[in-house]
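Q: Protein sequence lines, in the order shown, are assigned to chains A and B. This note's numbering puts the first residue of the first sequence at 1, with every later residue one more than the last. This note's numbering puts the first residue of the second sequence at 114, with every later residue one more than the last.
Mixed in with the good hints there might be a few duds.
[Said to hold, decoys possible] Simulated DEER-style distance windows between Cβ atoms:
1) B/Ala127 / A/Gly16: 47 to 57 Å
2) B/Gly129 / A/Glu101: 28 to 38 Å
3) B/Ile164 / A/Ser22: 26 to 36 Å
4) A/Asp38 / B/Ser173: 35 to 45 Å
5) A/Asn26 / B/Pro153: 20 to 30 Å
Hints in this document: simulated from the structure, not taken from any laboratory. The beta carbon of each residue, even a glycine, is placed where N, CA and C say it ideally should be.
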Amino acid sequence: DGGITQSPKYLFRKEGQNVTLSCEQNLNHDAMYWYRQDPGQGLRLIYYSQIVNDFQKGDIAEGYSVSREKKESFPLTVTSAQKNPTAFYLCASSSGADTGELFFGEGSRLTVL
Amino acid sequence: AQSVAQPEDQVNVAEGNPLTVKCTYSVSGNPYLFWYVQYPNRGLQFLLKYITGDNLVKGSYGFEAEFNKSQTSFHLKKPSALVSDSALYFCAVRDIGGLDSNYQLIWGAGTKLIIKP
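Can you make the complete structure from the sequences, with help from the hints?
A: Okay, here's the thing in structure tokens:
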């Protein structure tokens, strides 16, 4: 089945540690996105990529990094510079950056201990 | 600046009754408008979108939304609610693109819909 796979679903991190969230899609989509979701807030864009080997900062990129070495993969690293990393992270993809119709993964919940 | 407002944090509806989840927007030019649904601890699912044409848009699971340009609204509706419709609903807007656009969606804060048996 085509879709987006995020892993791990739950992750615990100690302060000062970097952690990488995986996102893989087999939809052959060009564009991929990382969002952060906090209770009572809409989705906030962290990074997005419209094509392999290219990505752009979203609204809250500080403390995060990404790579897009393969079309199907868009991992997100939450670095120790992110001061409030506990959140629900959502990866999404779309056939093009201009469609607005996004396909989402099941999310990864990161908790900093 | 572009923005989306979902004025109700929560909407409670009895099963079988019609439901409305409200959304208003502010965007330069003509908007692209979207509704998504999120079930607990899951990703979002696309419901429907308005790009152009008929102001009443039909989507998945019996939902529809009405675009009202004069009121800058895009309310989500369903004639008869089901308990299984209980979820978090997000409205999103995007501009039509162009040199100054990054084509990214602006999201509302979400409305929790509770359908009571």
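Q: Take a look at whether the Cβ-Cβ distance between A/Asn26 and B/Pro153 falls inside 20 to 30 Å.
A: holds (25 Å)
Q: For the hint 35 to 45 Å, verify it against the beta carbon of A/Asp38 and that of B/Ser173.
A: violated (26 Å)
Q: Does the Cβ pair B/Ile164, A/Ser22 satisfy 26 to 36 Å?
A: Since B/Ile164 and A/Ser22 have Cβ atoms about 33 Å apart, the given range 26 to 36 Å holds.
Q: Could you check the hint for me, namely that B/Ala127 and A/Gly16 are 47 to 57 Å apart, CB to CB?
A: About 50 Å separates the Cβ atoms of B/Ala127 and A/Gly16, which means 47 to 57 Å holds.
Q: Do the Cβ positions of B/Gly129 and A/Glu101 conform to the proposed distance bound of 28 to 38 Å?
A: holds (30 Å)
Of the numbered hints given earlier, the model fails hint 4 alone.
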